[in-house]
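Going down the list, the protein sequences come from chains S and U.
Reminder that position 64 of the first sequence reads as 64 in this note's numbering, one-by-one numbering, no gaps.
Reminder that position 78 of the second sequence reads as 78 in this note's numbering, one-by-one numbering, no gaps.
Treat the hints as calculated values from the structure; they're not laboratory data.
A hint or two may mislead.
[What the hints assert, rightly or not] Straight line, CA to CA, 20 Å or less: simulated SDA-like cross-link-like pairs of lysine to any residue:
#1 K233(S) - K157(U)
#2 K253(U) - Q393(S)
#3 K330(S) - K157(U)
#4 K153(U) - E262(S)
#5 K390(S) - K153(U)
#6 K390(S) - K157(U)
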Amino acid sequence: MSISLNKDVCTGCKLCLSSCPYGAIVITDGKAEITEACTLCGACVASCPVSAIVLEVIPKEQVDTSQYSGVWVVAEVHDEHLAGVSLELLGEGRKLADTLQVPLSLVLLGEQVEGLALVAGEFGADRVFLVQHPVLAQYRTAPFTDVISGLINREKPEIVLFGATPMGRDLASRIAARIGAGLTADCTGLEIDPGERLLLQTRPAFGGNVMATIVCRHARPQMATVRPKVMSKAEPQPGHEPEVIPVSVDLDERRVATKILEILREDSGSQVNLQEADIIVSGGRGLGKAENFKYIEELAAALGGAVGASRATVDAGWIPAYHQVGQTGKTVHPKLYVACGISGAVQHLAGMSSSDCIVAINKDPHAPIFDVAHFGIVGDLFEVIPALVKEIQRANGGD
Amino acid sequence: MNIIVCIKQVPDTTEVRIDPSTGTLVREGVPSIINPFDENAIEAALQLVEAHGGCVTILTMGPPQAEQALRDALAMGADRAVLICDRAFAGSDTLATSYTLAQAIRSLGDFDLILCGKQAFDGDTAQVGPGLAEQLGLPQVTYAINIEVDGKKVRVKRLLDDRFEVVETRLPALLTVVKQINDPRHAGLRGVMKARKAEIPVLTAGDIEADITRCGLNGSPTNVVRVFSPQRHGQGEKLEGEPDEVARQLFEKLHTAQIV
Ligand SMILES: Cc1cc2nc3c(=O)[nH]c(=O)nc-3n(C[C@H](O)[C@H](O)[C@H](O)COP(=O)(O)OP(=O)(O)OC[C@H]3O[C@@H](n4cnc5c(N)ncnc54)[C@H](O)[C@@H]3O)c2cc1C
Ligand SMILES: Nc1ncnc2c1ncn2[C@@H]1O[C@H](COP(=O)(O)O)[C@@H](O)[C@H]1O
């Protein structure tokens, strides 16, 4: 990567100055000049009204891959905590880093998040790049992209992992396009090829009907978003302190085009984030009518799980769309998925067939859901669910 | 306002075949449709133009037969459609695709808004929209469930995992839309007739001044090295008996497996 500034075109307007998160542009003799502090993050390129700044992406064959080293995880912060997927990525990243014999780093952006650096240490991080600024208090694409692209260009990690969450997918694809890196979406398996030290990235495609392994041989870093709930967290090591590397940035709220006006959480409380849930009980058209979702809710409550649904029930208006599991809904990977009155159409299976344990309750013995179920119960859900709830309550009461 | 909608033609079936030697999709003989989320993007664009005036342009990069997806979009009511098609684009990953789309959009002239689907049904990456926004230096808002344009600003409600977020940004911008944003209209007979006769220009790498080292397989940092069928563990265990009996059995199994 290289950046160039065409002085013949530059008008000295200074718009680029405040766009640079690393304070690496100065004006000399009425023209902008890029200093040594430049990390090639590219934030200035779009700020120049006369296109005097050009960021050149090096063709992949010319990237010197030996210059890149280390495994990074980009943190996601939810309600002042590290998101579950970030901890899972530290667990997985630890294994990759050990195989490669390189350090594992967490990239942590936010406002007043230094306490989370210690948590990251306990979950396996050797180092934490800590970037704190009010502009970074909530995730927004542009400032996060600028800061992280700059850090990647400066530090040259060989692998960068993100959660395959709305934030991770939004951010990773923007960064990859900025720095010309390859990015594999929504991985469910990561491994190091011992010969070439390449990251082998495995992911489902075509609605889960096909698995593909993808490598990124020439470009660096190798970037991937990883599906939540697939990797396991490491056993926390209390007192394992990471090296914290504070990164100072010079951001300006006035330069951020996108403002967050409002965050709405509808019926919070009962509603759990499906992708973070360990147990999901889903209902399908076999419930017959909206009111019967109470069977699903009761079983979910007894198991301490979340409520999912097939598209047919969402389309029928029995339950809001954010409960929908499947190709057009959410992809989930809980420890336990209980499908009640769901036939198991491929589009539904695409969203849940990789769950650790699948239980199907359906009165049609030929329903395709039984092909993926670990435990199949051919029976009437209106009889089986209450019996199961009673069984669980009995066991809990006896504890 | 001028709106560009990027659509992708995807196989109509989830029973797709993969060429094991190249790791790429075998598209021949598989019926194709517009990626469902892209139909929502088209509908959103049509509604915005109905409210504010302007023109909807549909863009796709794909093989010659992708023209059919463009005709389907024209039948829904889009004003014009452009096919970006060149052998040099074959084997593009999301980086090369977004570069190629960006070059094509630059060659088309001014626009206020670009709409994409949340993700494509075949690759499921959700990477092309943000990649394209980056190549064009535009603000991006992903997962839009509601769009309101007000002069040079756009206010978007985003559907996230456990919340909605309302954001505002400036135009031009790129948005990706989720299915819940609307119900795509069906094409009427007049639309279908008009679409059948429409001229669809085809742009090649040369027409859009694309650097072919950044297109197709050449410009794609990622390579598929292996394609295989997911492991299905086959028939699991069937539990039989009276409801109370199977409930007890199931609970015991789950308990033994330390799941509950
Ligand atoms: C492009 C596209 C995208 C799609 N995306 C999704 C998606 O994201 N998610 C999704 O779920 N679907 C999706 N679908 C729809 C999918 O194809 C199916 O239509 C849907 O999943 C069926 O839902 P269901 O299993 O609840 O209903 P049905 O297929 O009607 O099945 C109901 C089942 O309940 C059983 N049953 C009935 N009564 C009882 C009882 N008393 N006790 C026990 N069992 C009973 C029946 O035997 C039957 O098997 C998509 C479809 C398309 C075309
Ligand atoms: N070849 C293509 N031509 C036009 N638009 C595309 C193409 N591929 C992807 N897109 C757009 O990018 C979105 C996301 O696609 P993907 O990143 O492949 O999941 C799609 O919904 C389309 O709007």
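Structure-based check of each hint:
1. Of the supplied pair hints, the one linking K233(S) and K157(U) is violated, its CA atoms being roughly 33 Å apart against a limit of 20 Å.
2. Taking the CA atoms of K253(U) and Q393(S), the gap is near 16 Å; set against the 20 Å cutoff, the hint holds.
3. A C-alpha spacing of about 18 Å is found between K330(S) and K157(U), which places the hinted pair at or below 20 Å, so the restraint holds.
4. This hinted pair checks out: K153(U) and E262(S) have alpha carbons roughly 16 Å apart, not beyond 20 Å.
5. Simply put, K390(S) and K153(U) have alpha-carbon atoms about 55 Å apart, too far for the 20 Å limit, and the pair is violated.
6. The suggested pairing of K390(S) with K157(U) is violated, with an alpha-carbon distance near 42 Å, which exceeds 20 Å.
Violation of the numbered hints given earlier is confined to hints 1, 5 and 6; the remaining hints are satisfied by the structure.
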